[in-house]
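Q: Sequence lines, in order, name chains A and B.
Heads up: the first sequence runs through residues 90 to 328, numbered per my numbering.
Heads up: the second sequence runs through residues 90 to 328, numbered per my numbering.
Derived by calculation from the structure, the hints in this document are not laboratory data.
Just so you know, even glycine gets a beta-carbon here, dropped at the ideal spot from N, CA and C.
Don't take every hint at face value.
Straight-line distance between alpha carbons at most 25 Å, and here's what the computed PhoX-like set of lysine-lysine pairs gives [unchecked claim]:
id: 1; chain 1: A; residue 1: LYS280; chain 2: A; residue 2: LYS151
id: 2; chain 1: A; residue 1: LYS116; chain 2: A; residue 2: LYS303
id: 3; chain 1: B; residue 1: LYS230; chain 2: A; residue 2: LYS97
id: 4; chain 1: B; residue 1: LYS260; chain 2: A; residue 2: LYS230
id: 5; chain 1: B; residue 1: LYS230; chain 2: A; residue 2: LYS211
id: 6; chain 1: A; residue 1: LYS210; chain 2: B; residue 2: LYS210
id: 7; chain 1: B; residue 1: LYS230; chain 2: B; residue 2: LYS210
Here are the in silico distance ranges between beta carbons for each label pair [unchecked claim]:
id: 8; chain 1: A; residue 1: GLY140; chain 2: B; residue 2: GLU246; range: 33 to 39 Å
id: 9; chain 1: B; residue 1: GLY286; chain 2: A; residue 2: THR296; range: 41 to 47 Å
id: 10; chain 1: B; residue 1: GLU253; chain 2: A; residue 2: GLU169; range: 29 to 35 Å
id: 11; chain 1: A; residue 1: PRO295; chain 2: B; residue 2: GLU267; range: 26 to 32 Å
2 protein chains.
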Amino acid sequence: MSDVSAVKALVFDVFGTVVDWRTSLIKDFTKWSETSGIEADWTALVDGWRGVYMASMDEVRKHPERGYQILDTLHRRSLEKLVAQFSIQGLSDADLHYLTLGWHRLHPWPDSVPGLVRLKKKYIISPLSNGNVALLTNMAKFAGLPWDLIMSAELFEHYKPDPETYLGAAKLLCLPPEQVMMVAAHNNDLKAAQQNGLKTAFVARPTEYGPHQKYDFEAKGDWDIVAKDFGEIADRLGC
Amino acid sequence: MSDVSAVKALVFDVFGTVVDWRTSLIKDFTKWSETSGIEADWTALVDGWRGVYMASMDEVRKHPERGYQILDTLHRRSLEKLVAQFSIQGLSDADLHYLTLGWHRLHPWPDSVPGLVRLKKKYIISPLSNGNVALLTNMAKFAGLPWDLIMSAELFEHYKPDPETYLGAAKLLCLPPEQVMMVAAHNNDLKAAQQNGLKTAFVARPTEYGPHQKYDFEAKGDWDIVAKDFGEIADRLGC
Numbered sequence: 090m091s092d093v094s095a096v097k098a099l100v101f102d103v104f105g106t107v108v109d110w111r112t113s114l115i116k117d118f119t120k121w122s123e124t125s126g127i128e129a130d131w132t133a134l135v136d137g138w139r140g141v142y143m144a145s146m147d148e149v150r151k152h153p154e155r156g157y158q159i160l161d162t163l164h165r166r167s168l169e170k171l172v173a174q175f176s177i178q179g180l181s182d183a184d185l186h187y188l189t190l191g192w193h194r195l196h197p198w199p200d201s202v203p204g205l206v207r208l209k210k211k212y213i214i215s216p217l218s219n220g221n222v223a224l225l226t227n228m229a230k231f232a233g234l235p236w237d238l239i240m241s242a243e244l245f246e247h248y249k250p251d252p253e254t255y256l257g258a259a260k261l262l263c264l265p266p267e268q269v270m271m272v273a274a275h276n277n278d279l280k281a282a283q284q285n286g287l288k289t290a291f292v293a294r295p296t297e298y299g300p301h302q303k304y305d306f307e308a309k310g311d312w313d314i315v316a317k318d319f320g321e322i323a324d325r326l327g328c
Numbered sequence: 090m091s092d093v094s095a096v097k098a099l100v101f102d103v104f105g106t107v108v109d110w111r112t113s114l115i116k117d118f119t120k121w122s123e124t125s126g127i128e129a130d131w132t133a134l135v136d137g138w139r140g141v142y143m144a145s146m147d148e149v150r151k152h153p154e155r156g157y158q159i160l161d162t163l164h165r166r167s168l169e170k171l172v173a174q175f176s177i178q179g180l181s182d183a184d185l186h187y188l189t190l191g192w193h194r195l196h197p198w199p200d201s202v203p204g205l206v207r208l209k210k211k212y213i214i215s216p217l218s219n220g221n222v223a224l225l226t227n228m229a230k231f232a233g234l235p236w237d238l239i240m241s242a243e244l245f246e247h248y249k250p251d252p253e254t255y256l257g258a259a260k261l262l263c264l265p266p267e268q269v270m271m272v273a274a275h276n277n278d279l280k281a282a283q284q285n286g287l288k289t290a291f292v293a294r295p296t297e298y299g300p301h302q303k304y305d306f307e308a309k310g311d312w313d314i315v316a317k318d319f320g321e322i323a324d325r326l327g328c
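Looking at chain A on its own, in the form it has when it is part of the complex (with noise of 0.2 Å):
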């Protein structure tokens, strides 16, 4: 381990370091098909439309004339083609837009909240998520997430990998970007905050796809930490 003493803020990858999206989202679209009635394969569903993720921010930016959107509405421009693609049927607005929200709901893996409370009493903790920040507020409420401040690509309008997020998150913070980590289950994510000047941590999440996961089984990179969950993270930075 690299010299990470002069570390003062720890910001987190979210969608698949901090949560699970795969399983809550498939538990909450399948219980809600029993009272809404709505048939489809949500499994399905749920990995086309983190499939097409990476594309939909690749898209925004692609093109900056037509300004930066959030990923509210790039979940639901992704929503609405999965729904012609997959020929689901029935679903009003107001069922697309409950859909959309389930970003919001999103539980958290069992290690989660109990490492970050021990993270918080040293060190400021903050999500560094490409989820806008309505998404990691409600998401926070809804996971008992302790975050000291939500940062997200919304406020940098710029989606990760771009540096601009990781040093407008040490800029915001006003903190050299040496003095800022971050934790990602994500090895392309550490390299492009590595390459920004800012500490890393990685932790598995090998589950995160499902039986579709193809990378990010083990650290690929020299990273400062390399964790199995986030107590170890705080057993490392002595919390």
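Guided by the hints, dock chain B onto chain A, whose structure is given.
A: Frame of chain A, contents of chain B only:
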């Protein structure tokens, strides 16, 4: 009381409304002078410092070509002028930094934290302050303020009472302005919030400016709630 049943989020002015900046700074600096050996009329310095607060933000408003300056920067600049005016001797750069960060070490009014804890159960609670993000984050950890997120003038690059702050807060929360309530001890802040469509709650802080208090002893507007403290706001909102 008008209909506030649709309100989802409460946003708070901080200096004077949530924290007692004057008593906190005078005590902090007086205690610090015992170890630092720096002598000054700290009460006069603090009153003078706050006395140039509005003018320092007006400078930013008048000169958009210079770019937005965060409150830490304005505080530091004002302090340097006051130190010269008051002929305070022997201050190092580190001392000036310590004094400037005094604005991060402010104590809450006695009812603030218990009131916020109650309000947080039903509402999203956030500062909406001219303090910068790092200042508000550090203060929250110092004072135990249980914010759900941190909203600052810095995020909008506009100081209150510019409309961009009130409307920007509602936009980040993905709420229409009428579902956001501004809580403040200052009638002018509430007036601007109301003009931009927010709901309003006034709480009197008649000792904020000590013997120099001239305004805001009582509500001077048609506010949705007028309360004696945060506990009464929680009562009125059924928390």
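Q: Each hint: holds or not?
A: How the hints compare with the structure:
1. A:LYS280 to A:LYS151: holds, 22 Å
2. A:LYS116 to A:LYS303: holds, 22 Å
3. B:LYS230 to A:LYS97: Holds: B:LYS230 and A:LYS97 sit about 13 Å apart, inside 25 Å.
4. B:LYS260 to A:LYS230: Distance of about 19 Å is within 25 Å: holds.
5. B:LYS230 to A:LYS211: This hinted pair holds, its Cα atoms lying about 10 Å apart.
6. A:LYS210 to B:LYS210: holds, 22 Å
7. B:LYS230 to B:LYS210: Roughly 19 Å between the alpha carbons, so the hint for B:LYS230 and B:LYS210 holds.
8. A:GLY140 to B:GLU246: 33 to 39 Å: holds, 36 Å
9. B:GLY286 to A:THR296: 41 to 47 Å: holds, 45 Å
10. B:GLU253 to A:GLU169: 29 to 35 Å: holds, 31 Å
11. A:PRO295 to B:GLU267: 26 to 32 Å: violated, 46 Å
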